[in-house]
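Number of protein chains: 2
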Amino acid sequence: MSVSTQGSVDIAATGAADRVFNFSAGPAVLPVQVLEEVQREMVCLPGAGASLMELSHRGKVFVDIVESAVEDIRSLLRVPETHEVLFVQGGATLQFSMIPANLLRSQDAAAAYLITGSWGKKALTEARKEGEVDVVYDASSTNFNHAPGAGDFEVKEDAAYAYYCCNETIQGVQFQSEPQVPSDVPLVCDASSDLFSRPLDISKYGLIYACAQKNAGPAGATVVIIRKDLIDRGSDSLPGYLLYKNHANAGSMWNTPATFPIYVMGKVLKWIQSNFGDLESMRDHNEAKAKLLYDVLDANPDFYVGHADENARSRMNVTFNLPSDDQLQAFIGSAADAGLANLKGHRSVGGVRASVYNAMPIEGVEKLAQFMTDFASR
Amino acid sequence: MSVSTQGSVDIAATGAADRVFNFSAGPAVLPVQVLEEVQREMVCLPGAGASLMELSHRGKVFVDIVESAVEDIRSLLRVPETHEVLFVQGGATLQFSMIPANLLRSQDAAAAYLITGSWGKKALTEARKEGEVDVVYDASSTNFNHAPGAGDFEVKEDAAYAYYCCNETIQGVQFQSEPQVPSDVPLVCDASSDLFSRPLDISKYGLIYACAQKNAGPAGATVVIIRKDLIDRGSDSLPGYLLYKNHANAGSMWNTPATFPIYVMGKVLKWIQSNFGDLESMRDHNEAKAKLLYDVLDANPDFYVGHADENARSRMNVTFNLPSDDQLQAFIGSAADAGLANLKGHRSVGGVRASVYNAMPIEGVEKLAQFMTDFASR
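Protein chains in written order, with this note's numbering: chain A, 1 to 378; chain B, 379 to 756.
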């Protein structure tokens, strides 16, 4: 499908037809419609006379893009007026430090951490540098294969905040609902790999955040939704970039933001709205996709061994192993030959990981499910 | 020049022909050849089966891109083996804090700061949070219109480091050569708006850095070149993302980097190499462009008033004012009508600012110079 244009841009030389189904855990699959839109606008954004990448972040074109992205986030997640929406650089990793630097360092109390996987552990390491931390739940003894139930942990009434990661990408373990914490304790959540994949009651959170590169866009932009009364907890002695209030007071323009990742994220949000309408419908779609894969695991219990307990199964990252390493290698190799790419599990867990974020089409999941069934029967 | 392809991507609807000459100070003009290459690869990077934005940062495709970008930076700037090249998020602003957090907090000595404009001032504010600072030069009394000469300041023998910004984008003031500091004092430089625009002797620097969005790519990627013996100065008690050694030990993959901005930066570096060969030739090109504009200022001294002293004139940002605000508004408006865009000076200085970074074609500068001459004679 190679077509040359007058501008000598042989744009379709490698296009949609050359794409594989990409199960990468992140950076991850994006909607092809979004990529095509970005492609059309790459050399010159209509009306702007330049590529988006070349425009000042303080110009009207980009300011409109940011404001529209914030509005769409507010609308999709029904963010209440009590909360602010920010864009920050540095990924989830910088949030691991910004959260305790702002919300713990200045407090007399300890923060409560629930550890259900690798990302929670990393967050914990950074929090301990900033203040006192109580680990109120730790699933490491069972190799992080489950999430706690209601009575499995306790958060003190005076905790500075309670922290958890609602979907552990590496282990494929997802909380089915928010953990219960005392009403005065701000709930803080790393939703990097499932924000925008399902509806959430944002009013329950003091702070919830996500790096973009799972369900919402390319790496480089991180969304932070923070309750307004928590914004000022950070001390002015912190490095300026780490202070939430600097970002909030400047409408996420305290310094030059990662303009292009935010622009792409804006298009992904519009894609969710126009293709699914709301996050209830997005969730139903994602649950249907994940079910296709878990059904194959359940139908072949002697061949596929799922990592996560049944009631903690992630709808985003389906993790499982095969009886032998030879079979695992054969599985990943044959799948790649069949256009089912990037299925290798994280090195710390091994096995297979199929990430089926928002933008993974159901056709890709159906093809993988069929491949898994065929492979198990061979 | 609208051409539809089979894939229904009406790619050339807004293409090179619709572009204006964009004098934005940053994010800023990029080479159109780079934009067209990115455009071609947007939906599917050849051989990868996906867009670059969708690929894991730990996969071979992206690792090759990072390694190649580092190699090209090393080659263009002739970075010696004593120095490491890192990519970090957070822009120059995060460097304002990372530098003193790593290089000052653990030291008994003060850091020396030379302040020649707005960016140096911002860096100073952050440094003061981390330790003792001596301001050894401050050009604020003349509204930051010049850079110091050799005898104009003194840096103590035991300073933790000496810091300066070699090109103040807002004021259009550029150091013509490195400031002289005692040989044991690491020289630290914010080269955000002129790295890659001219050759530099990197061996003179303890640390030199630049955000990408002036001469090297889109916002979101920051290049840090640091002498290896300085990498370990930072204490492990720092927030992990702020520790240079974490980024260095992980080859800039301590966490997910801003993959797309780095990929575009890689293409810009290749563009410099294939169009100019080396930074001596790039400098000559940039000096020729800036001269076109300064010649118009010098030919019309009663009409155009340059902001910078003649021996501190920036080859990147040409700043000047007009006799009246009415004339200034007319100038900016008529220029925009003529396809010469984003010439408004920064709000803190006013007037006109023409940023003529690497990717600004000489045709754009010639057109602006002609416009300026015509406007002055009207």
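To be clear, the hints were calculated from the coordinates, so they are not data collected in a lab. Mixed in with the good hints, there may be bad ones.
Claimed, not checked - DSS-like, lysine-lysine: derived pairs with alpha carbons at most 25 Å apart: (1) B:LYS438 x B:LYS648; (2) B:LYS500 x B:LYS534; (3) A:LYS156 x A:LYS270; (4) A:LYS122 x B:LYS623; (5) B:LYS500 x A:LYS245; (6) A:LYS245 x A:LYS228; (7) A:LYS245 x B:LYS534; (8) B:LYS648 x B:LYS507; (9) B:LYS534 x B:LYS499; (10) A:LYS121 x B:LYS623; (11) B:LYS582 x B:LYS534; (12) A:LYS204 x A:LYS245; (13) A:LYS156 x A:LYS121; (14) B:LYS582 x B:LYS606; (15) A:LYS228 x A:LYS291; (16) B:LYS507 x A:LYS129; (17) A:LYS156 x A:LYS129; (18) B:LYS582 x B:LYS500; (19) B:LYS645 x B:LYS438; (20) B:LYS507 x A:LYS245; (21) B:LYS534 x A:LYS129.
As the list claims (entries may be wrong) - Residues from chain A that face chain B, not an exhaustive set, calculated with beta carbons under 10 Å: (22) LEU30; (23) VAL32; (24) VAL38; (25) GLY350.
What the hints assert, rightly or not - Stretch by stretch, here's where chain B covers chain A in the computed footprint (C-beta under 8 Å, at least three residues): (26) 269 to 281; (27) 297 to 304.
Note that the coordinates shown come from a computational prediction; the quantities given were computed from them, not determined experimentally. Where is the CB? At the ideal position from N, CA and C, for every residue including glycine.
How the hints compare with the structure:
1. Only pairs whose Cα atoms come within 25 Å are accepted, and B:LYS438 paired with B:LYS648 is accepted, the gap being roughly 19 Å.
2. Between B:LYS500 and B:LYS534, the direct Cα distance comes to roughly 22 Å. Compliance with the 25 Å bound is thereby established for this hinted pair.
3. Distance hint between A:LYS156 and A:LYS270 is unfulfilled; the C-alpha atoms sit about 41 Å from each other, more than 25 Å.
4. Of the pairs offered as hints, the one joining A:LYS122 and B:LYS623 holds, with about 17 Å between alpha carbons and a cut-off of 25 Å not exceeded.
5. Distance check on the hinted pair: B:LYS500 and A:LYS245 sit about 17 Å apart at the alpha-carbon level, within 25 Å; holds.
6. Taking the CA atoms of A:LYS245 and A:LYS228, the gap is about 9 Å. The hint holds against a cut of 25 Å.
7. Proposed proximity of A:LYS245 and B:LYS534 is contradicted: the alpha carbons are some 36 Å apart, above 25 Å.
8. Restraint check for B:LYS648 and B:LYS507: the C-alpha separation of about 39 Å exceeds 25 Å, so the hint is violated.
9. At most 25 Å may separate the alpha-carbon atoms for a hinted pair to count; B:LYS534 and B:LYS499 meet this at roughly 20 Å.
10. Distance restraint check for A:LYS121 and B:LYS623: the Cα-Cα separation of roughly 20 Å lies within the 25 Å cut-off, and the hinted pair is therefore satisfied.
11. For the proposed pair B:LYS582 and B:LYS534, the alpha carbon gap of about 17 Å is at most 25 Å, so the pair holds.
12. For the hint linking A:LYS204 to A:LYS245, the alpha-carbon distance of about 21 Å falls within 25 Å, and the restraint holds.
13. Pair hint A:LYS156 plus A:LYS121 holds up; C-alpha atoms about 20 Å apart against a cutoff of 25 Å.
14. For the hint pairing B:LYS582 with B:LYS606, the CA-to-CA distance comes to about 13 Å; that is within 25 Å, so the pair holds.
15. Distance hint between A:LYS228 and A:LYS291 is unfulfilled; the C-alpha atoms sit about 38 Å from each other, more than 25 Å.
16. For the hint linking B:LYS507 to A:LYS129, the alpha-carbon distance of about 18 Å falls within 25 Å, and the restraint holds.
17. About 21 Å separates the Cα atoms of A:LYS156 and A:LYS129, which keeps this hinted pair within 25 Å; it holds.
18. With a C-alpha separation of about 24 Å, the suggested pair B:LYS582 and B:LYS500 falls inside the 25 Å cut-off, and the hint holds.
19. Using a Cα cut-off of 25 Å, the hinted pair B:LYS645 and B:LYS438 holds, with the two alpha carbons roughly 17 Å apart.
20. With a C-alpha separation of about 17 Å, the suggested pairing of B:LYS507 with A:LYS245 holds against the 25 Å cut-off.
21. A hinted pair counts as satisfied when its Cα atoms are at most 25 Å apart, and B:LYS534 with A:LYS129 does not qualify at roughly 33 Å.
22. For A:LEU30, the suggested interface contact is upheld, since its CB lies about 5 Å from the closest CB of chain B, less than 10 Å.
23. Interface hint at A:VAL32: satisfied, since its Cβ lies 7 Å from the closest Cβ of chain B, which is below the 10 Å cut-off.
24. Because the smallest distance between the Cβ of A:VAL38 and any Cβ of chain B comes to about 6 Å, under 10 Å, the interface hint for this residue holds.
25. Interface hint status for A:GLY350: violated, as the beta-carbon distance to the closest one in chain B is roughly 15 Å, over 10 Å.
26. Coverage of the segment 269 to 281 of chain A by chain B is violated [criterion: at least 3 residues with CB-CB distance below 8 Å; count 0].
27. For the segment 297 to 304 of chain A, the stated coverage by chain B is not satisfied: 0 residues place a CB nearer than 8 Å to a CB of that chain, which falls below the threshold of 3.
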